[in-house]
Every structure is written in C-alpha cells, then in structure tokens.
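Trainee: Residue numbers for the sequence shown follow the numbering used here, so the first one is 1 and each next one is one higher.
Source of the hints: derived by calculation from the structure; they are not laboratory data. Here the structure is a predicted model, which is why all the values come from computation and not from measurement. Where a beta carbon is used, it is the ideal one built from N, C-alpha and C, also for glycine. Please note: incorrect hints may appear among the correct ones.
Cβ pair distances, simulated, as ranges [what the hints assert, rightly or not]:
1) ASP107 with THR16: 26 to 34 Å
2) MET52 with LEU3: 28 to 36 Å
3) HIS89 with SER44: 32 to 40 Å
4) LEU45 with GLN75: 15 to 23 Å
5) GLY24 with PRO92: 31 to 39 Å
6) ILE91 with ASP32: 34 to 42 Å
7) PRO95 with ARG72: 15 to 23 Å
8) THR16 with PRO37: 18 to 26 Å
9) THR123 with PRO53: 31 to 39 Å
10) THR10 with PRO121: 18 to 26 Å
11) THR34 with ARG130: 34 to 42 Å
12) SER132 with PHE68: 32 to 40 Å
13) GLY70 with ASP107: 13 to 21 Å
14) ARG72 with VAL102: 34 to 42 Å
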Amino acid sequence: MLLLFGQHLTRIAALTTHAVSTVGEETFLTLDLTPIPLPASLASLLADLRDMPAPTNWAANSSQDWLFPGDRPGQHLSATVIGRRLAAHHIPNRPARATALVALAQDLPPAVLGPMLGLHPVTAAHWRRRASTD
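Using the sequences plus the hints, can you model the full thing?
Mentor: Laid out in structure tokens, this is it:
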C-alpha cells in the first residue's frame, strides 16, 4: 500500500478489516471513501489478512478488527514497527511514498487523487505539481 498508493505508515497501520471488501471476483481497498480495485497479488494477501481469525490468547479478546493487529489487545501494529519491517527488506518509507504519489499524480488529476487516497485538495494539487514534466 505504501508502494502503490503512497499512504503514510500510520494510515496503513490503522486500517481495519472493513477496508478490504470483495465483490464477485474483484477485491477493493477503501482508503477514504472510494473503493480502489486491487491487483490480484495484493488482493490475495489482503484477503488472507482480513480473513485471519482474531487472536484467542488475549484475556480481553478484542482485536478491534485491525488488518494489522498489534501485540496488545485492541491495538494495531505501530507505524514504527511497520517501518522497521520495511527497512529490513530495503524499502525506505519516505522515498517509496514520494515515488508512489508522483506516479499516481502523473496519471490522475487532483480532483480524483485527493478523494481516492484521502488527501487534502491542496496536498493533491501539490503532488500534481511535483509530478509535472517539462
């Protein structure tokens, strides 16, 4: 999601299982209000995460339906932990996010990019300017 949609790690960590939906053969990820169709490989991974049973060894047994549940009941995995895991695979957070947003901004106008990714209109316009070519 970082490499495809340029999402902040804090937003990725806080995704719930309700953000991933399947309609027929197609799987969608809803980042703000717009469901985005996913490539088959990512759809399969996210569907597996969504369909995992909640941990049963917690006394409170309340996973809150996090897509990335943390070690403590009711809390999601922290953005710091996700960032460290990505860094272990040589995926730098900031450059990867910037590259993804520039690539999307080259193809989509700010009026589409903003609502799709949950970006403020000014931020979407900023990424469009950064993506402009000579």
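Trainee: Is it true that GLY70 and ASP107 lie within 13 to 21 Å of each other by Cβ?
Mentor: violated, 34 Å
Trainee: Starting from the hint 34 to 42 Å, judge whether the C-beta atoms of ARG72 and VAL102 obey it.
Mentor: With Cβ atoms ~36 Å apart, the hint holds.
Trainee: Between the beta carbons of PRO95 and ARG72, is the distance compatible with 15 to 23 Å?
Mentor: For ARG72 against PRO95, whose Cβ atoms are near 31 Å apart, the range 15 to 23 Å is violated.
Trainee: With 32 to 40 Å as the target window, see if SER132 and PHE68 comply at their CB atoms.
Mentor: Hint holds: Cβ distance 34 Å, inside 32 to 40 Å.
Trainee: At the C-beta level, are THR16 and PRO37 separated by a distance inside 18 to 26 Å?
Mentor: Since THR16 and PRO37 have Cβ atoms about 19 Å apart, the given range 18 to 26 Å holds.
Trainee: Given the hint of 26 to 34 Å, is the C-beta distance from ASP107 to THR16 inside that range or not?
Mentor: The hint (26 to 34 Å, Cβ to Cβ) holds, given that ASP107 and THR16 are roughly 28 Å apart.
Trainee: Given the hint of 34 to 42 Å, check if THR34 and ARG130 actually sit that far apart at their C-beta atoms.
Mentor: violated, 22 Å
Trainee: Does the Cβ pair ILE91, ASP32 satisfy 34 to 42 Å?
Mentor: violated, 24 Å
Trainee: With 32 to 40 Å as the target window, see if HIS89 and SER44 comply at their CB atoms.
Mentor: 19 Å Cβ-Cβ, so the 32 to 40 Å window is violated.
Trainee: If I claimed the Cβ atoms of MET52 and LEU3 lie 28 to 36 Å apart, would that claim hold in this structure?
Mentor: violated, 22 Å
Trainee: Using the Cβ atoms, figure out if LEU45 sits within 15 to 23 Å of GLN75.
Mentor: holds, 22 Å
Trainee: Quick one: are THR10 and PRO121 within 18 to 26 Å, going by C-beta?
Mentor: Given range 18 to 26 Å: holds, Cβ gap about 20 Å.
In this structure, the earlier hints numbered 2, 3, 6, 7, 11, 13 are contradicted, and the remaining ones agree with it.
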